[in-house]
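Protein chains in written order, with the numbering used here: chain B, 1 to 290; chain X, 1 to 290.
It cannot be assumed that every hint is accurate.
Since copy identity is lost for identical chains, a pair holds within one copy or between any two.
What the hints assert, rightly or not - In silico lysine-lysine, BS3-like type, Cα no more than 27 angstroms apart, as pairs:
hint: 1; residue 1: K203; residue 2: K254
hint: 2; residue 1: K105; residue 2: K203
hint: 3; residue 1: K281; residue 2: K42
hint: 4; residue 1: K145; residue 2: K180
hint: 5; residue 1: K42; residue 2: K259
hint: 6; residue 1: K259; residue 2: K183
hint: 7; residue 1: K254; residue 2: K57
hint: 8; residue 1: K259; residue 2: K105
hint: 9; residue 1: K281; residue 2: K203
hint: 10; residue 1: K259; residue 2: K59
hint: 11; residue 1: K57; residue 2: K127
hint: 12; residue 1: K59; residue 2: K254
hint: 13; residue 1: K57; residue 2: K145
Just so you know, these hints were derived from the structure itself, not from any lab.
Number of protein chains: 2
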Amino acid sequence: MNRRDFNRLVAAGTAGLAVGAAVPDEAQALTMPELPQDDMMKVMTRFVDDLAEGDPKAKERISPSVPRQIAMIAYPGMFPLDLLGPLSVFSDLLSTQIHLVWKQKQQVSAGRGVTLTTTPYSECPQKLDVVFVPGGTVGTIAAMKDAETMAFLRSRAESTRYITSVCTGSMVLGAAGLLKGYKATSHWLTHELLPQFGATPVKSRVVEDRNRITGAGVTAGLDFALLITARLAGENYAKAEQLNIEYDPDPPFKAGTVKGAGPLVAGAMSRMYASSLEAFKGAVAATKPA
Amino acid sequence: MNRRDFNRLVAAGTAGLAVGAAVPDEAQALTMPELPQDDMMKVMTRFVDDLAEGDPKAKERISPSVPRQIAMIAYPGMFPLDLLGPLSVFSDLLSTQIHLVWKQKQQVSAGRGVTLTTTPYSECPQKLDVVFVPGGTVGTIAAMKDAETMAFLRSRAESTRYITSVCTGSMVLGAAGLLKGYKATSHWLTHELLPQFGATPVKSRVVEDRNRITGAGVTAGLDFALLITARLAGENYAKAEQLNIEYDPDPPFKAGTVKGAGPLVAGAMSRMYASSLEAFKGAVAATKPA
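Kindly produce the complete structure, drawing on both the sequences and the hints.
Structure (structure tokens):
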């Protein structure tokens, strides 16, 4: 790998995993943290070679000559972790541009002092490797009803390699007509609504049906993003990222499903979310293609 | 719960879980998403009652009269998900103020268009329920060497209920002398360095020893934050949050540990991170209390 190749490798964005976890922004991707750039180039060349096992096609998948393009819709009111989990994993892909897109350039709050800066839909590339929709409740319903968001998703449907969502983000894909005839999943709250979009609901952490890849609620975004990483950059690279983020989960309780949480907790949650579910039902009825 | 109680419940910040996932910022916490405030109060009263199983002490733990105080050090160069995972879970605690703290008020980049707005250490409450340190590489090493950060952590050591970290954040706690005589964990890369701080290294997802609670790498922050939630708000509330974020993990590979990743992937990662490990070793030697 020569210097130009290396610059291309990192120029698309943060070199993420390549520079450890230490790159606070895109600008710093080119100033390697603890090593001079020449040394870092050698390290990265070796890293890519190791994971590609000497196969030129595998190398090209790990670090494509033409940067990958990923668009993530960052709408106000999304559940922040739905987006931030996958974003963190996607940020570790080499030679990858990530676009946080919304109707306009905006500082979108993700709560508690966290802000996302968006790019307008109009400035997002046409040809995408991944388009991604996070979930939420009221913000998600607003996105389902938003003509510009629907138009953006439909405009990218044919030219995008993977059309994806996590959590109630599948409601937005469904509203755009993009799940019709596909197997899909959603947050447990809205899972029952998938058939209304002509989708076949599957109770699985991540559901892959041709180029539709949907994840279950919130934290399914990690399982989802590692699968996407494998599809884009190969299994060795996905495994390296899984080790990087030490994803060997061990939840303190078995309460991650309605059944596992038990009737007391699941009942309390269902009652708390009852009005949200009703609001989703209304939105589904209103946005369902005629 | 009367209106004042409910305002207190949400006024501390986003009412998080209480209002679904739809609250984009603190201001909107008081304008409930799909329900009028009076109705939302009823819903929340019922929710708290359900989870408290009618026990007044349990109610007080779920929604304390005096808001909880959590400080999370948001330093430049942290690994974003180390902080954003736990932040998302902590944001769903009721009656809880979260302070993203750093040396000064600053827009700290968390990469890819994500920004955290920090509060200066000097404005952070003295009495905290939780102080938390995320990990990273070069940024973490800088934090270990930063006198203000060390002084902040030491100043809160006696008055804080839980002193915590995720990932290489334990290196920062160690550098401040706060892990001496405690069992602890860290990201797999730096786990071997824990004894240098007088800590007893434990290979576990989350390690709890008296009031020190440390998590392993990056995604261990979810397991960690649910345990903290249980300690602060009780097991029912923690289970409700686990169901809320549908944390029923199912990674696509078994590569979340060095052993599981296998020699090819783990070898590539270890070589890629070799200079980071050396930099950590140097920092540990330099910051070790005499």
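The hints, checked one at a time:
no.	hint	result
1	K203 <-> K254	both (17 angstroms within a copy, 21 angstroms between copies)
2	K105 <-> K203	neither (36 angstroms within a copy, 45 angstroms between copies)
3	K281 <-> K42	between (55 angstroms within a copy, 22 angstroms between copies)
4	K145 <-> K180	within (18 angstroms within a copy, 55 angstroms between copies)
5	K42 <-> K259	between (50 angstroms within a copy, 26 angstroms between copies)
6	K259 <-> K183	within (22 angstroms within a copy, 34 angstroms between copies)
7	K254 <-> K57	between (41 angstroms within a copy, 24 angstroms between copies)
8	K259 <-> K105	neither (42 angstroms within a copy, 44 angstroms between copies)
9	K281 <-> K203	within (19 angstroms within a copy, 46 angstroms between copies)
10	K259 <-> K59	between (43 angstroms within a copy, 24 angstroms between copies)
11	K57 <-> K127	within (21 angstroms within a copy, 56 angstroms between copies)
12	K59 <-> K254	between (40 angstroms within a copy, 23 angstroms between copies)
13	K57 <-> K145	neither (42 angstroms within a copy, 43 angstroms between copies)
The structure shown violates the earlier hints numbered 2, 8 and 13.
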